[in-house]
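Quick mapping for you: the protein sequence lines, in order, are chains A and B. Each residue of the first sequence is one higher than the one before, starting from 1 at the first, in the numbering used here. Each residue of the second sequence is one higher than the one before, starting from 1 at the first, in the numbering used here.
Since the hints were made in silico from the structure, they are not lab data. Since the structure is predicted, the reported quantities are computational estimates derived from the model, not experimental observations. Worth double-checking, as some hints may not be accurate.
[As the list claims (entries may be wrong)] Okay, the calculated bits of chain B under chain A, using three or more residues with CB under 8 Å as the criterion:
1) 77-91
2) 112-126
3) 238-247
4) 251-257
5) 306-320
6) 325-334
7) 401-411
[Said to hold, decoys possible] Keeping only pairs whose Cα atoms sit at most 25 Å apart, straight-line, the calculated PhoX-like set for lysine-lysine is:
8) B:K270 to A:K315
9) A:K270 to A:K33
10) B:K315 to A:K270
11) A:K181 to A:K236
12) A:K315 to B:K315
13) B:K181 to B:K92
14) A:K56 to B:K56
[To be verified] A short, non-exhaustive set of chain A residues, derived as facing chain B with CB atoms under 7 Å:
15) A27
16) G284
17) S295
Ideal Cβ positions, reconstructed from N, Cα and C, are used throughout, including at glycine.
There are 2 protein chains.
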Amino acid sequence: MISACICTIGDEILIGQIVDTNSSMIARALQDKGIAVRRMVSFGDDGDAILSNLDKELNDNDIIIVTGGLGPTKDDITRESLRVLSGSRGYKRDAAQEAEIRRILSSRGLDALQINLDQALVPDNCEVIVNHLGTAPIIIVSRDGHRLYSMPGVPYETAGALGDMLSDIDSHFSTEDIYHKTIMTYGIAESALSNLIAPWEDALPEWLHLSYLPDPITGVRLRLSAYGCDHAVAEKVISERLEGLKEILGSYIYSMQDDSLQAVVGRLLKERCETLSAAESCTGGEIAHLLTTVSGSSAYFLGSVTSYAIEVKQKVLAVPAQLINEHGVVSSEVAAAMAEGVRRLTGSTWAVATTGLAEGDDDRNPEGTVWVGISGPNGTFTSRWQYKSSRQINIKRFAATALNELRLRIINY
Amino acid sequence: MISACICTIGDEILIGQIVDTNSSMIARALQDKGIAVRRMVSFGDDGDAILSNLDKELNDNDIIIVTGGLGPTKDDITRESLRVLSGSRGYKRDAAQEAEIRRILSSRGLDALQINLDQALVPDNCEVIVNHLGTAPIIIVSRDGHRLYSMPGVPYETAGALGDMLSDIDSHFSTEDIYHKTIMTYGIAESALSNLIAPWEDALPEWLHLSYLPDPITGVRLRLSAYGCDHAVAEKVISERLEGLKEILGSYIYSMQDDSLQAVVGRLLKERCETLSAAESCTGGEIAHLLTTVSGSSAYFLGSVTSYAIEVKQKVLAVPAQLINEHGVVSSEVAAAMAEGVRRLTGSTWAVATTGLAEGDDDRNPEGTVWVGISGPNGTFTSRWQYKSSRQINIKRFAATALNELRLRIINY
């Protein structure tokens with residue numbers, strides 16, 4: 001199996017100032033090609049560290065993908081390390097990238113400065129893939145049949161150059177078979193899930209590996225992996241086994257592929273030509289935000305009201321003041337009235353509402369309480385949930401719970 | 001300087017299914033203690049890989065923090081590697097963690113299963129820090145004065161155990177001085193920024209290192225780092241130099257600390273006892289979501305309307321149909337009317353509105369166009385922006401741009 005190592009260069013990663021999202025994006029792409037990522041390594045903007053780490057990984061792996069350390073400013077020293085690694089004497093100017101630099105800057109209404117143009121300088125012995133989204137080219141070091149790709153660290157540039165890099169990999173390596181299948185569950189804890197499916201899991205063939213990937217927000221992901229066997233065979237056997245799993249888990253499963261609750265809710269609504277609106281208090285726009293990250297969501301998501309202030313609840317959503325006085329803002333009654341209010345306001349088929357305490361408590365409810373209201377063609381339903389995380393995680397769990405409750409109401413309608 | 005390596009274990013990271021956020025959280029905490037994180041390494045759930053990687057890092061670094069690979073399910077083999085690393089013959093049951101497992105499960109209304117209780121098993125020679133948020137304890141391997149901390153991989157458990165781990169580090173290592181200062185800018189590209197401040201940068205003392213951390217959403221972060229010098233001296237010199245930087249950059253700077261636009265806007269509003277509402281079309285709740293991630297935001301953020309559907313724009317925000325017909329939904333006029341509409345509806349001091357195209361185009365505007373409307377005590381202002389990213393990144397850039405426009409209007413009022 002072809003092995004790969006993904007390296008990220010940058011002090012900003014080592015001091016925790018930014019989270020590295022490039023590596024997982026690259027890993028998914030390699031994974032889909034059946035290339036085994038053995039390691040991911042991050043190290044600092046330091047010439048010696050860069051050279052020694054890259055040299056080691058270039059010995060140990062067939063493919064090395066490097067991000068970061070390429071930019072117009074003074075702290076960039078990666079290129080010099082690539083010169084040494086590739087045994088180049090000096091630098092050459094890559095005409096295609098230089099033209100691209102001029103084009104990009106001119107499309108932004110900027111002049112090409114010398115500092116920009118010099119990004120087209122690459123070590124003599126290196127190959128180049130042109131970066132069409134940014135000024136720094138992708139530089140390739142080839143050594144003993146192993147290939148190192150040095151990519152810019154800005155995530156959208158990395159993403160944009162990925163396709164060209166994968167084509168280059170295709171033309172230099174022949175990849176093996178690997179097959180993964182992911183199942184998404186929500187509303188059941190990892191250990192309970194593990195107990196529930198133990199007999200099913202024990203009966204799996206040896207070449208199938210099951211992993212549990214728990215997450216408080218997406219729920220527990222299950223992943224079945226088949227290594228080194230025929231794609232079609234793996235697909236067939238896994239698909240048979242999953243029928244058994246579906247029987248055991250029922251509606252705990254929200255998708256038979258790597259998915260999000262908002263995408264699943266969106267597909268359900270689209271299939272049924274139904275629409276949705278949201279009234280958010282404690283989740284403060286998170287539900288609307290999640291729904292609208294899905295491409296094509298304007299077909300079913302009409303809009304939402306974030307009613308942080310009580311006056312907005314009363315005035316925009318028409319929640320009766322008496323209801324709030326009697327039961328408190330965080331109550332089943334207010335959750336129901338908010339859902340009904342926004343459904344009336346927008347004329348949507350379904351409405352989801354949240355009222356709760358992501359942080360702090362009130363007279364009646366502890367921190368982490370949320371009431372979810374779902375209003376639909378068959379009435380209004382509310383449910384109460386209790387979490388114990390930080391403000392930000394509570395908000396995310398409230399939103400995920402609300403989306404899952406909505407999903408359950410839709411599929412049971 | 002004390003050196004550290006942060007390791008993450010898990011196939012799910014190597015195949016790109018989850019993004020590792022633990023490492024940056026841990027890195028920030030170590031950073032604040034003046035501990036230098038030299039490397040971050042991720043490898044798979046494989047006994048040999050775990051043992052050889054941890055053994056190497058335990059030789060090379062003073063402190064090794066490991067996350068992942070500790071959970072109740074069958075794919076966890078980290079513990080056995082820790083037994084070998086620590087030279088333990090077998091396992092002992094940690095009474096404190098076992099009691100905690102019972103307490104945690106009972107507080108969730110669950111019985112403690114044997115699979116849960118067995119998480120209190122730790123290698124004979126290892127020390128333990130009790131995990132109060134989850135069932136797997138923090139296991140410590142001590143070797144030749146170096147210490148390895150094996151922590152659970154669930155981020156909120158990692159975060160919860162961080163304090164106890166840092167205390168243990170304090171009692172075993174004496175840390176050195178390191179000083180960082182971060183400045184946040186928005187609205188100026190990295191290369192232009194670099195040119196603009198080149199004379200200032202060239203005049204910095206040698207022991208001060210400047211880094212550029214560009215990000216399309218937060219803007220370019222500048223970081224000044226002082227290594228191995230007295231904290232007070234570093235603070236004084238940096239603070240003097242920053243006065244010069246402020247004069248050059250003016251309102252491009254939105255904060256003199258590691259910060260977010262929404263936090264800065266929040267502080268401005270709080271200081272002035274002013275309030276805010278939002279009307280979002282293309283940003284679909286992202287602005288409300290960002291604003292409400294800030295603790296205490298209910299003091300100034302009244303609420304928002306996400307008007308994905310044209311009917312919601314008309315009905316809830318009272319945007320005249322004629323305006324939409326004449327100028328199109330994505331127009332200066334509609335952005336202004338939305339901002340004014342939600343300001344009227346909520347009675348807020350300020351309102352921010354967005355209307356644009358995160359994906360696709362219309363007759364008049366290309367993909368990536370956004371109109372931002374800001375309505376406040378001194379009138380309504382609109383501005384047009386053009387981005388060229390993916391749907392999700394466009395949404396984030398639109399929201400950041402809107403928050404920055406709002407900030408500029410507030411500070412110039």
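Structure-based check of each hint:
Proximity of the region 77-91 of chain B to chain A, defined as three or more residues with a beta carbon under 8 Å from a beta carbon of that chain, is not established by the 0 residues found. Given as covered by chain A, the region 112-126 of chain B passes the check, having 3 residues with a CB less than 8 Å from a CB of that chain where 3 are the minimum. Note: the region 238-247 of chain B has 0 residues with beta-carbon separation from chain A under 8 Å; the three-residue rule is not met and the coverage is violated. With 0 residues having a beta carbon nearer than 8 Å to a beta carbon of chain A, the region 251-257 of chain B misses the requirement of three or more and the stated coverage is violated.
Note: the region 306-320 of chain B has 8 residues with beta-carbon separation from chain A under 8 Å; the three-residue rule is met and the coverage holds. Given a C-beta distance limit of less than 8 Å, the hint that chain A covers the region 325-334 of chain B is violated, as 0 residues qualify and 3 are needed. For the region 401-411 of chain B, the proposed coverage by chain A is not satisfied: 0 residues have a C-beta within less than 8 Å of a C-beta in that chain, short of the threshold of three. With a C-alpha separation of about 24 Å, the suggested pairing of K270 (chain B) with K315 (chain A) holds against the 25 Å cut-off.
For a cut-off of 25 Å, the pair hint linking K270 (chain A) to K33 (chain A) is broken: about 32 Å separates their Cα positions. The straight-line distance between the Cα atoms of K315 (chain B) and K270 (chain A) is roughly 24 Å, inside the 25 Å bound, and the hint therefore holds. Proposed proximity of K181 (chain A) and K236 (chain A) is supported: the alpha carbons are some 11 Å apart, at most 25 Å. Note on K315 (chain A) and K315 (chain B): the hinted pairing holds, with a Cα-Cα distance of about 14 Å set against a maximum of 25 Å.
Among the hinted pairs, K181 (chain B) with K92 (chain B) is inconsistent with the structure: their alpha-carbon atoms are about 45 Å apart, more than 25 Å. For the given pair, K56 (chain A) sits about 14 Å from K56 (chain B) by alpha-carbon distance, which is consistent with the 25 Å threshold. Taking 7 Å as the C-beta cut-off, the interface hint given for A27 (chain A) holds, the closest approach to chain B being about 3 Å. A least Cβ separation of about 3 Å between G284 (chain A) and chain B falls short of the 7 Å threshold, and the interface hint therefore holds.
For S295 (chain A), the interface hint holds, the least distance from its beta-carbon to any beta-carbon of chain B being 6 Å, beneath 7 Å.
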